[in-house]
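Need the complex rebuilt from these two chains, each delivered in its own frame; the hints are there to steer you.
As a plain string of letters, each chain reads:
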Amino acid sequence: MTTTPIMTVTDLHKTYGKAGSKQYEALKGIDFDVQPGEFVGIMGASGSGKTTLLNMLATLDQPTSGEVTIHQQPITHLKGNQLADFRAKEIGFIFQDFNLLETMTAFENIALPLSLQNTPAKQIKTAVENIAQQLGIQEFLTNYPNELSGGQKQRVAAARALINDPAILFGDEPTGALDSKSARELLDLFTKINQEQAVSILLVTHDPFSASFCQRILFIKDGQIGQELQRGDLDRSDFYQQVLDTLGTFEQ
Amino acid sequence: MLTKLAMTGFKHRWRDYLVLFSGLIMSSAIFYMFEALATNHDFLKQNTGISMIGMIFQFGSVLLTIITLVYISYANSFLLSMRKRDYGLFMLVGARKSKIGQLIWLETLLVGISATLIGIILGTALTAGISQILINSLGLELHHLAAWYFPAAAVTLLLYVGLFLVAGLFNLIALTKTPALKLLHSNDQPNRPQIKPARQLIEIIVGLISIAIGYWSMGHLKQLQLMGIGIALVTIVLGTYLLFNAIFVWLMIALKRLPVANRGLNGFTLSQLSFRIRNYTKMLSIVAMLFALALGAITVGMGFHSQIPLMTNSNNAYDLGLVNTTKSEQQQIAALKPKTNITYHFKADKKTVYYQASEFNQHPFTTIEVQDKAQLSYKTVHNNAAQIKKSGFNYQLMQLQSGSMEAGTPVFLSSAAYQKLAQPEQRLTIFTTNDVVQHRAALKRLAKAHFHTTDVTNFGGRYASYVMVNSMYSGLEFMGMFLGIAFLAMLASCLMFKILSGADADKHRYAMLAKIGTTKHQLRSAIDKEIAVLFILPGIVGIVHVLFGLQMFKIIMITSPYTGIWLPFLIFAVLYLLYYLITVNIYRRIVLQ
Chain A
1 MTTTPIMTVT
11 DLHKTYGKAG
21 SKQYEALKGI
31 DFDVQPGEFV
41 GIMGASGSGK
51 TTLLNMLATL
61 DQPTSGEVTI
71 HQQPITHLKG
81 NQLADFRAKE
91 IGFIFQDFNL
101 LETMTAFENI
111 ALPLSLQNTP
121 AKQIKTAVEN
131 IAQQLGIQEF
141 LTNYPNELSG
151 GQKQRVAAAR
161 ALINDPAILF
171 GDEPTGALDS
181 KSARELLDLF
191 TKINQEQAVS
201 ILLVTHDPFS
211 ASFCQRILFI
221 KDGQIGQELQ
231 RGDLDRSDFY
241 QQVLDTLGTF
251 EQ
Chain B
1 MLTKLAMTGF
11 KHRWRDYLVL
21 FSGLIMSSAI
31 FYMFEALATN
41 HDFLKQNTGI
51 SMIGMIFQFG
61 SVLLTIITLV
71 YISYANSFLL
81 SMRKRDYGLF
91 MLVGARKSKI
101 GQLIWLETLL
111 VGISATLIGI
121 ILGTALTAGI
131 SQILINSLGL
141 ELHHLAAWYF
151 PAAAVTLLLY
161 VGLFLVAGLF
171 NLIALTKTPA
181 LKLLHSNDQP
191 NRPQIKPARQ
201 LIEIIVGLIS
211 IAIGYWSMGH
221 LKQLQLMGIG
231 IALVTIVLGT
241 YLLFNAIFVW
251 LMIALKRLPV
261 ANRGLNGFTL
271 SQLSFRIRNY
281 TKMLSIVAML
291 FALALGAITV
301 GMGFHSQIPL
311 MTNSNNAYDL
321 GLVNTTKSEQ
331 QQIAALKPKT
341 NITYHFKADK
351 KTVYYQASEF
361 NQHPFTTIEV
371 QDKAQLSYKT
381 VHNNAAQIKK
391 SGFNYQLMQL
401 QSGSMEAGTP
411 VFLSSAAYQK
421 LAQPEQRLTI
431 FTTNDVVQHR
441 AALKRLAKAH
451 FHTTDVTNFG
461 GRYASYVMVN
471 SMYSGLEFMG
481 MFLGIAFLAM
491 LASCLMFKIL
501 SGADADKHRY
511 AMLAKIGTTK
521 HQLRSAIDKE
531 IAVLFILPGI
541 VGIVHVLFGL
551 QMFKIIMITS
561 PYTGIWLPFL
571 IFAVLYLLYY
581 LITVNIYRRI
591 VLQ
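Chains as they are written, first to last, in this note's numbering: chain A, 1 to 252; chain B, 1 to 593.
By construction, these hints were calculated from the structure, which means they are not laboratory data.
One or more hints might be untrue.
Calculated cross-link-like contacts (lysine-lysine; reagent style BS3-like; alpha-carbon spacing at most 30 Å) [said to hold, decoys possible]:
hint, chain 1, residue 1, chain 2, residue 2
1, B, 11, B, 448
2, B, 196, A, 122
3, B, 515, A, 89
4, B, 4, A, 125
5, B, 507, A, 79
6, A, 192, B, 11
7, B, 507, B, 351
8, B, 99, A, 79
9, B, 515, A, 125
10, B, 84, A, 79
Distance windows between CB atoms, simulated [claimed, not checked]:
hint, chain 1, residue 1, chain 2, residue 2, range
11, A, 13, B, 98, 50 to 56 Å
12, B, 257, A, 11, 34 to 40 Å
13, A, 8, B, 508, 38 to 44 Å
14, A, 36, B, 15, 45 to 51 Å
15, B, 15, A, 31, 54 to 60 Å
16, A, 206, B, 589, 33 to 39 Å
17, A, 13, B, 525, 35 to 41 Å
18, B, 158, A, 206, 24 to 30 Å
Just so it is clear, CB atoms sit at the ideal spot from N, CA and C, and this is done for glycine as well.
Just chain B, same shape as in the assembly (with noise of 0.2 Å):
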């Protein structure tokens, strides 16, 4: 019978449930993704080669859980305000404690292991179609990555049954400790937002200090090694949660006094956020890490996309080299529309390759000089064969002399003695198109018809280069690319979770306001505020930290990893206002009817 009720009660507000289970199942299928990769040692030692790698992800997971931890806390909160009324009518009707702390124990398993179960079925699903897009999108190259992989599963199932388990038993002692009456009319008392000098003033100076801290270990991890990434874990979070837990509130009760809030319903608005202060500061604090996670691994992921064209047209000024070319694959070279495309004549014994001069001097070979290695920065010179001779880079030339005459040294001679020469002629045509990753398809089908192979060892040029950097750099940015897209999801799912999971106490106030007279329209204006003060606060503090983690990576990447950061932040700013535009949207459907 009790079964009963509860089930009735379930299909009563299965809007919520709705809010619940979506939260709990993409939380579980994010989770998933992380350990997707985290836990695949194989996948992470074959596309990285950092030996460090393994410990990072083994830190992400743990700030993985923390967030969890958090998330599914807050989820309980939810179930079990849904729940107390109709479980303390079911006392009123007498319903025995041990048979309710058995429902509630019920509900809490079976609501945490569907949801994980969903969770990790969508999880599988979303890494084999976001790494299907990337691969695709990006041209990566990568080696024994799964998308079902067994042991992720089992540590993502692992984690939220144990979490669950103790959450059932959370609320099982909560509940059965209540007094019948007062979980009938449990509705949220606000707490008075306080301000407590002393107190917030410790918090400020601890948080700055934490995340001070936490900032430098992250400039300093040569010196620091994975201990840095460990001290800055800890300081940051910490210090985050500090520093909004003590700006907050004053900043919400030192908003209230301006005349601005007494426009409208700016005042409704301030009040609603300082109510939910002490909800809040968890939430943002974690978001606001969340935000940081997924903008600075989308801006490495990017960043190591944006080094793989440097490295590669630092290390030949031409594409690819082809001897003797057929009538088809000139017609295939001249398809690609290329910037330069030379023939030079040339015979050749076992180690030498006779050019004419003539013909160099004519077309001068071009090379490509380094100047900073840590900038990649390079010149190109334009050499004729006098030059090449002197110059020490004429390697570049023999790159391209491909197959047989790969080892041969290029001389240079002039036409009468060249045509002294008893071997036959041959003809080396090279050529550049204007962008070898997009041309990188019809190049490897060029190279592959005239090579007989796709192994690059055996051809020289940029094109080869590129496959080389790219099978090299595909890992760290498949890597970035990919959890920043599972934290942003993560971070989506987090923060409309907890501001729709307060939509329900929320409709009988706007209720009220259009009953004292309000119009459709301040009422929209007022949630847009409201919602927009929870996105753009951790935004800033996550961009902050991004600022400042970005540090991090100067030891792996050779430019620097603040080159071409507005991309990114660009992408990631339009994403997280479409993030904004759906939480409103939603919010607005729940609570004005």
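For reference, chain A alone in the conformation it holds in the complex (with noise of 0.2 Å):
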């Protein structure tokens, strides 16, 4: 590929505790790309580190050492207001608990990143109503968050983290509170945007099903990457076979 990558990794250190203490390495060196566009996903047991790295992707957490690029933009040393505006604008989360504001309806929910941008009130409706239509949430956005399905609160969580274009999605095991139908209707709803918007996406997960919807996956194992799989023109069915097969290695 020749494009510039939506995001480069380069030689990601974490280590806890502090010099002179017990120490634990997380992270012992992670180097990845993301190209514009790309589904990628990240997978690893319990412990594997891979929670320690998209902390560090998307900005909640510093690396010991090592770099991130998101948009050609270094992202490990921003501080204060520009980390506050490089989040708001260039990156969407999703989490596993929602992470909804369980005091404001959905509609207010998704268009919190809009008001804090001091959007017009004009705006922030057609954009709200944009985003709610392509996820199907139309008739949820009066209501709030404890009246959803956990379904329909993880696509509110969605719509807010798509609100501002964001030049990357970061996935926290988004399915993992959901029951299969909704968990599939979700990585589906994934695969649309990814395909019909271009948008990014990088999904952490332990659970190979939602892996399967990625285009290439990194094993992660004891804060290294050990082990890639690209999907090509598989199946999807096909590729959550091969997934399955390559943990059953990977993990020995």
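Structure, rendered in structure tokens:
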């Protein structure tokens, strides 16, 4: 590929614990790229370091050494307002536990990133209605999160993550709290926005079914990338089988 | 084992317990402070001379008990919400319900009683400290004031322990009847803010009528007597609550429709507020009442304070009159930098004091003629000898001829007639300082050395009337100030407690906002605004209450209770602002880490 990657990760290290005390190295040098419009999965068992990695990529935590760039902008040393602006404009985030504000309606939750940028009310309304239509959540907009099912909540969360046209969308086990039907619908939705709007997606999961929706999967073990799997032209169900096989040998 | 587990839960959430404890300690300390005055009948009788005062304090006690009731119910639900998860966990690991019941009961009582005991000690210290400061800075004269007063401590302990027993019982039932899983996941569910126009309209109407009745009865205390205070107490509390209940919901929904709501975190702030409406209305009504009580008490206290110089000055134009001053006395007088300092010569027999008219024509004697008793307005008249004789104000001169000549009628003679008198010539020195209150200590020394007594019936003048008026008003002034400070502290502790007890639940919301790209500045200003609304609303209602409530004091105050009202309001505003800043600061520290 000759295009400029949307995200580059170079020799990323993370060590917990202060020097001198007992230290634990969670990440031991991670390198990879994400191309524009790519749908990448990161897989690994509990404790493999995948959540740590995601926190670095999403600027929620700072690495001990190494660099991450998104849109050619190095992000590991952003601070204060720069950091907040970066989060608001360049990345979208979907969490396992939805992270919706239960004091606000679905509409208000989705509109929040735009309100933060002081977008005019009319523009916000159009934007929210557009994205709600794409994600099929128009009829829930006036509901509060506790009046929605898990799947509906996650769609609202997705709408909030996407409303700013982020450079990349991060998903941290987004199907973790969903039943299988809702999970499948959400993953289909991810595939749809990835293909139709060329949104780059980085999905962290330990669930092979979720991972099988990705085009490329990085397997992480003990803080290092152990293996990489390309879907290529494979059918999703065949790819699922391949993921299962890989996992079977990888975790040994 | 369970006790050990319970203790670890305790350590884990020490910050929350600190909020809870300090809240309860402040509450009981202030209750004690109030009772220290209210139950001390000797103090009330001796210092005010108003027979109604005992009953007024009874009403105050009732009001404070209601406030305490709500306060403890809040504190208890806060305690309960802290412990729910832990107790759910104990149940999951197989603890018996009866055992858990014991634990809850014990914990509630332990927290309650220890906080109350510390509160009483703190209350005693505060009573001693505050009254010392007030007495010294205002120059008050008080009798029978005791910082440690056993009946007050007993009342406080009884009320609090009683309430905590009830609270413990309530917790016991609430927790043991709830299934373990529900306890584990009992996060607050938001109640959808709803507008029920009919109900709210009724609430508004009933609320307004109640408040109107309350205001009216405060203005007509002369006819209603004590009943008026009772009526006002019930109707204003009820009306305030109903109005907050009806208007707050409506206000938040209306504000959300404005375009401003879409800017920055405003929408979030409004949602936060409307999310908590039901929780907050009771507290806001109480805070509004406390605000009114505190501000009212301080205003009245300062009102009495400002009456002291007025009454003093309308009595005599001169601070003291001294006969045959010594050199050192003259030096002391000069050190006071008096505005006027006159020495008249006289000769006296048993019934008459003879002056030379020429001296009075040269240095006129100033008298004070009260024009309007209600407003205490007066004019000063400079009299020559003939005028004094005519005016009938010669008693003001007689007041100054203290000592042996007290009863001597002044007679003004020509120099020739005066020279013929055989009695020895003496001197009367009279002087006026610019402010008798300011120079009270020096005047006292002077009077004590000269008259060999501080009993003001033995000498006259402005200083003597200051001492008399001061001792008359000190009690009222002290009560106003003291209770004002106590209510203000209670108010702060109520509001801070309510706001801070919700802070823990807000933590994850602010963390979430940070994750989606909110700047620190935006988060901070959202917190500032949210808490500001919670401070301003009861403040406005409280000020309105005070403005009407001051009507009550028309009966016992000589001048209008509204005179110079800006000063207590300003002082109060500064203190209130200080509380706001402290609350915001603590809240920020809890929420944004």
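Hint check:
1. B:11 / B:448: violated, 61 Å
2. B:196 / A:122: holds, 28 Å
3. B:515 / A:89: Given that 30 Å is the threshold and the Cα spacing comes to 12 Å, the pair holds.
4. B:4 / A:125: Violated. Residue 4 of chain B to residue 125 of chain A sits at ~54 Å, over the 30 Å cutoff.
5. B:507 / A:79: holds, 21 Å
6. A:192 / B:11: violated, 50 Å
7. B:507 / B:351: The hint is violated at about 85 Å.
8. B:99 / A:79: The given pair, whose Cα atoms are some 51 Å apart, is violated under the 30 Å limit.
9. B:515 / A:125: holds, 23 Å
10. B:84 / A:79: This hinted pair is violated, its Cα atoms lying about 38 Å apart.
11. A:13 / B:98: 50 to 56 Å: The hint (50 to 56 Å, Cβ to Cβ) holds, given that residue 13 of chain A and residue 98 of chain B are roughly 54 Å apart.
12. B:257 / A:11: 34 to 40 Å: The hint (34 to 40 Å, Cβ to Cβ) is violated, given that residue 257 of chain B and residue 11 of chain A are roughly 52 Å apart.
13. A:8 / B:508: 38 to 44 Å: Given about 32 Å between the Cβ atoms, the range is violated.
14. A:36 / B:15: 45 to 51 Å: holds, 46 Å
15. B:15 / A:31: 54 to 60 Å: Given about 42 Å between the Cβ atoms, the range is violated.
16. A:206 / B:589: 33 to 39 Å: Once the Cβ atoms are compared, 36 Å apart, the range 33 to 39 Å for residue 589 of chain B and residue 206 of chain A holds.
17. A:13 / B:525: 35 to 41 Å: holds, 37 Å
18. B:158 / A:206: 24 to 30 Å: violated, 60 Å
Of the numbered hints listed earlier, those contradicted by the structure are 1, 4, 6, 7, 8, 10, 12, 13, 15, 18.
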